[in-house]
Each structure stands twice: as structure tokens, then as C-alpha cells.
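Enquirer: Use the sequences and the hints to build the structure in full.
Keeping their order, the protein sequence lines are chains D and V. Note that the numbering used here gives residue 316 to position 180 of the first sequence, counting from 1, and the numbers run on in steps of one. Note that the numbering used here gives residue 248 to position 112 of the second sequence, counting from 1, and the numbers run on in steps of one.
Careful: at least some of the hints might be erroneous.
Stated by the list, open to error - Pairs of lysine to aspartate or glutamate, EDC-like flavour, derived with a Cα cap of 16 Å: (1) V:K177 to D:D237; (2) V:K177 to D:D266; (3) D:K177 to D:D141; (4) D:K249 to V:D222; (5) V:K177 to D:D141; (6) D:K177 to V:D222; (7) V:K177 to D:E267; (8) D:K177 to V:D266; (9) D:K177 to V:D237; (10) D:K177 to V:D141; (11) V:K177 to V:D141; (12) V:K249 to D:E267.
Keep in mind the hints are simulated off the structure, nothing from the lab. Here the structure is a predicted model, which is why all the values come from computation and not from measurement.
Number of protein chains: 2
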Amino acid sequence: MTIKDIAAYCDVSVSTVSRVLNDHPDVSPQVRELVNEAIRKLHYVPNNSARSLVSSRSTAIGVVSRGVDNPFLSSLIRVLSREIHDRGYTMVLHQIPTQADEVQAAAMLEREKKLLGVIFLGGRFNYTEDELRQLTVPFVCCTYTNTFGDLREDAYSSVSIRDEAEAGRAVRHLVDHGHRRIAVVLDDPADNSIGQLRFQGYRQALEACGIAYDPALAVITGDYDMGAVYAGVCALIDSGAEFTALLAISDALAIAAIKALTDRGLSVPGDCSVIAIDGLEISRYTVPTLTTLCQPAEDMARESVEMLVSLIEGTGSHRHMLVQTTLRPGGSVARRAE
Amino acid sequence: MTIKDIAAYCDVSVSTVSRVLNDHPDVSPQVRELVNEAIRKLHYVPNNSARSLVSSRSTAIGVVSRGVDNPFLSSLIRVLSREIHDRGYTMVLHQIPTQADEVQAAAMLEREKKLLGVIFLGGRFNYTEDELRQLTVPFVCCTYTNTFGDLREDAYSSVSIRDEAEAGRAVRHLVDHGHRRIAVVLDDPADNSIGQLRFQGYRQALEACGIAYDPALAVITGDYDMGAVYAGVCALIDSGAEFTALLAISDALAIAAIKALTDRGLSVPGDCSVIAIDGLEISRYTVPTLTTLCQPAEDMARESVEMLVSLIEGTGSHRHMLVQTTLRPGGSVARRAE
Chain D
137 MTIKDIAAYC DVSVSTVSRV LNDHPDVSPQ VRELVNEAIR KLHYVPNNSA RSLVSSRSTA
197 IGVVSRGVDN PFLSSLIRVL SREIHDRGYT MVLHQIPTQA DEVQAAAMLE REKKLLGVIF
257 LGGRFNYTED ELRQLTVPFV CCTYTNTFGD LREDAYSSVS IRDEAEAGRA VRHLVDHGHR
317 RIAVVLDDPA DNSIGQLRFQ GYRQALEACG IAYDPALAVI TGDYDMGAVY AGVCALIDSG
377 AEFTALLAIS DALAIAAIKA LTDRGLSVPG DCSVIAIDGL EISRYTVPTL TTLCQPAEDM
437 ARESVEMLVS LIEGTGSHRH MLVQTTLRPG GSVARRAE
Chain V
137 MTIKDIAAYC DVSVSTVSRV LNDHPDVSPQ VRELVNEAIR KLHYVPNNSA RSLVSSRSTA
197 IGVVSRGVDN PFLSSLIRVL SREIHDRGYT MVLHQIPTQA DEVQAAAMLE REKKLLGVIF
257 LGGRFNYTED ELRQLTVPFV CCTYTNTFGD LREDAYSSVS IRDEAEAGRA VRHLVDHGHR
317 RIAVVLDDPA DNSIGQLRFQ GYRQALEACG IAYDPALAVI TGDYDMGAVY AGVCALIDSG
377 AEFTALLAIS DALAIAAIKA LTDRGLSVPG DCSVIAIDGL EISRYTVPTL TTLCQPAEDM
437 ARESVEMLVS LIEGTGSHRH MLVQTTLRPG GSVARRAE
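Expert: And the structure:
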């Protein structure tokens, strides 16, 4: 079955079929429908990747995602998958646990799969030049940048939010609602990653608001795990600590925290307001709806692919993009009861 | 940097380093630590894929996932990614919307990416032999089987639950708790897929319990979308329909239904019990905890890879595996108030 057979079947020219296949506007709706119907009926499979004709050429882009239980990363992977495919490349996805080393994983993948480039999701912020010599292809850090490392700005690309500033913004939203005793829920305050930066932002914002940091209000689980957060928030409540608000460094952790508060008989937001950072779709449907700072996941993923493809194709150089979150007000933050 | 450099650096033999790299048990913990430390320090990247030496040989396994907003599929993809990688193959992931044709997508992917085989996630149940001629490599249907199609049993593999029977089991769980007016929430009762089978199971179980099916209690959204379910359940309540329980055909749809019930002032399970099928991790943290029939996602994904690899390597033939769900009792089902 070739494009010629389809043309003959429909009694149109080969170039008309080609225009339909390439979504060219210059075809009438009737002819388009006729051709598409024939394609379906005759089970014609267009070979729409010119690249695949050059059989020895790799089209592989590696996506190394650290943190397999993080639903925010799943939403990014979905967009990356579509964008990489639409540009004629192949996404090779490798998901690794939080404890694993993404650079080592990417370097191994580069050799095994002949990668043209790598997109890192949810990695460390402290890469060294020395360490990155393992990678010989360009890479983009998606959702983070090299805050704690020594990479030169022109040696890598990144798309990220200002984690410290955004955590501070969440704290100020709570302070603006009258809260002063604000707990924080995170996995690891020294992970050289998102946890560390958002924790710093939390502490700095408290300080800027004239509130002393109280270590008794920090729920640190050591692991990105909803079960551990649930247990940690229960223990916080059982300790008798006083707090009227809580910042979780991600939506998933906030959902586990709300569950713990509710199970211990505290109402959200009546007894405790909760705010998070991420903006998962599912957080619209928690009870109450989660108030959260939404990261522009679609833009971040699309921009990462754009950056990497331009590096691979030699049409662009390394860039760094900072994006902003948008507050999605829910029902989980209320003014502190007097 | 080669394995010899590592051996020299540690003052051990090359075969010792090799044993550490291959996780061989016959190495003392001290030596293992020494070697691993050197590997980290010297940034050695082991090339652990013998396949990659044969450069012209493809290692690609396609995973075509239909339904990009379904979090249950994300949990399967995570396991597939790990299992495919651990066996030395490369996962090429292609996620398509529910409206798209997965067979056409897989056939195109097969040609472009030189796939050795395909794992379908969340596809249609009505493939025809004719249609599947587009694919020339073996394939496995993960989470479903060819209930409505005409494929010969020895022409494909599958791993699935008995969707009708499991939906029936969920209905009987509600009936056992005294419920007779049971609403159902689904996307499409004629999708030749999971929706259709679970809807049939719902109707058959009602009938077996002597309860007449009432179309007024079926919330059909036309789309796998939490927003549509939320609106649909609100409309059901606003219509004045009487019901004391609700079956959602998936956890994500149940979470949206619980939100709608709560926002309309109905308590779960006080005014309405809710049960679902899937068993997402996040459903442990809804308020109340969702009662759901858990699919063994880990086993299903691992078994699918096992089946496909044995077909690719010529060590096995097509098989069909039926697995069972496990009831995970939550707080969303209660005995009907008299």
C-alpha cells in the first residue's frame, strides 16, 4: 500500500494525497474526508518521518526523570512525549528513584541508546563541570537550574521557577491571611534540590515577616512519600505543637497532609489552612480544593524540548528561562480565626 | 576511564570490579563499597548493554498509551519503563488521546522506530485481524483483551482483569451494604473498551440482585475527564434523582464524584457511598479514603513485558493472563441509613 494506491483509489493526484497527509490547508474538506476515509479503509500507514529513511541516524532524546512517585513529573512527561514526537524525534524515557544519580543514568543511556540530547526532570541543583563531562550531548534541566553547582551558564540550558521566591510567596499568602504559626512539610531540606530551595524560601519569608523559625513546625520525612508525610503530620499534631497553617512543598504532599489533619479531627481550613506549590489537575478535586501555586507545566515542557532541539539541530545556543507560577485559589486557605 | 583503571585505582582484579558491576554476591561488602566509591569518584560509566555493541540492532519496544489523563496508566508506565530497561531494551513511549487510533499510531511507530514489539495500554477491545495486519511485530494488550474483536487467541497476548465481573463485584459490595439505588459514573458505555464492559457488569449485577436498571442514575460524560464527571454528578443531584450509592468506573472519576457530592452538601458515605475500580496511591488520601478494587498494576506491567520479551526472543508464544483485583476498604462505603 503506497500513496499512489490511495491516489488511484480516490481518483485524485498523488500530490493531493500528500497535501492531506501533511495537513496542508489547500485541500477542500470533501477531498480531505475522501482521502482520510480511504486511508482508514485501506489501512495505509504513512511513513511520516523522513529521518527514519536514514536508517543509521539516531533520533533518540533521553528523558531522565528522578522521583518516580511524583505526579507533577508525570504531567510533564505527557507533554514532553507529545512535543518530542511531533518534532520527529524519539523519546527514550528512563525513570529513576530519588536516591539514584541522574547524571550517571543519563551517561549510561547516552551510550546505550545513542542519544542526541537529554532532558532532566527533577534532578539535583549542584552539578559540577567535572561530573558533567560524562555527558557528551547537550542537556536541559527541566523544572530546575544549577543553583548550587559550578556549571557555566553557557554549558547547559534550564527552565525553572524561582523556587525560593515562590515558596516565599506561598508563606506571604498565609501571613496575609493572619497566620503566624506556619508549619512546613518537605522531604529533605538538604537535598540540593527543590526541597532545599523551597525550605530556604519558607525560612526567609518568615524572617522577612518578623516571624521566628520554629524547628518544631518542620515536618521532614526524608523521602518523597505520601505515607511518610501522613505519619509526619499526625506526629506533629500529636506533639501538641501549635500551628494554624501549613505549607507543603508539593501538591501530592499537601494532599497527604490534609488527610492527616482531617483524620485527627482538625478541619481544613477552619483549624488549619494549607497551601502548596505545583498545581496538579487532581488538586482541584480534593476536599477542600487545594489552594496552590501552579507551575506552567505545559510551557515548561514545551520550552525544554524547543531548547534541546535547537541545540541538536545547531540553530540555538544554551539558554535559561525563568517562569512564574499562578495562584489557583481553592478552599484550603482561610483567614485565621481570632 | 575503563574497568582496568578502576581495578588499578582500588588495587583489586578486573574480575572483582566486574563482579561488583554485575551485582554478583561473591564480593565482600568492604570491597564492594571500595569499588563503588571509586566508580563515583572517577565518574566511570559502565557500558552494561552488550546489545549496544551490535549497533545496527534495534532494542526498541513501543508502549502506546491511549488516554493521556488517566493516572492509572501513569502508574503502569512507571513499571513498564523499569522492566523494559532492566531487560536491556529501550522503551519508546507514545501517548495518544482517547479519540485517536492506537493501532494506526503503533503501526507508524513500528516503521519509524524499528520496534521489536508493542505494548498497548488502555486500548479498544474490538481489534479485527484485518486491521492488525498493519502491525508486523508481536504485541501485548495490557489492562484489556480482545473481548469484542475477532483476533485469534494465538495472534496476540493480553493481561487484564475481568472488567464485567469486577464491576459486578463492586455493585454487590454496595448491595451487601443495603444499597439499591446505585448510580454509575462512566465516560462512554459504547466505547468497545473498559467503559462498556464495566457498564455491562454494573447492569448485570443489578439485575442479578433483582434491581431494575434506571437510566436516570447513569452519569455518562462522553469524555474521560474529571471536570465533566464533576458537572455530571452535580446535574444528577440537581435533577432530584434518588440514590444512596455510586460506582465510578475508575478512581480518578470517583475522586471527582466525591468532590461534587461534597460541594452539593451531601456527605460521603453518610448520604452516599462511593466505590471505584483501580487502586491509585492517591486514593488512599482522599477524604474519606476511597473504597476501591485495586488492580495489581505492578504484576500486570511486569507480566506484559515478560510476555513481549519472550515473544521477541522466541522463547515463548502468545498467552492470555487474567488477574484479580483486591478490595481496599476505605471510608467511602457505609451501610445504608434506614
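Enquirer: Which earlier hints can't be squared with this structure?
Expert: 5, 6, 10 and 12
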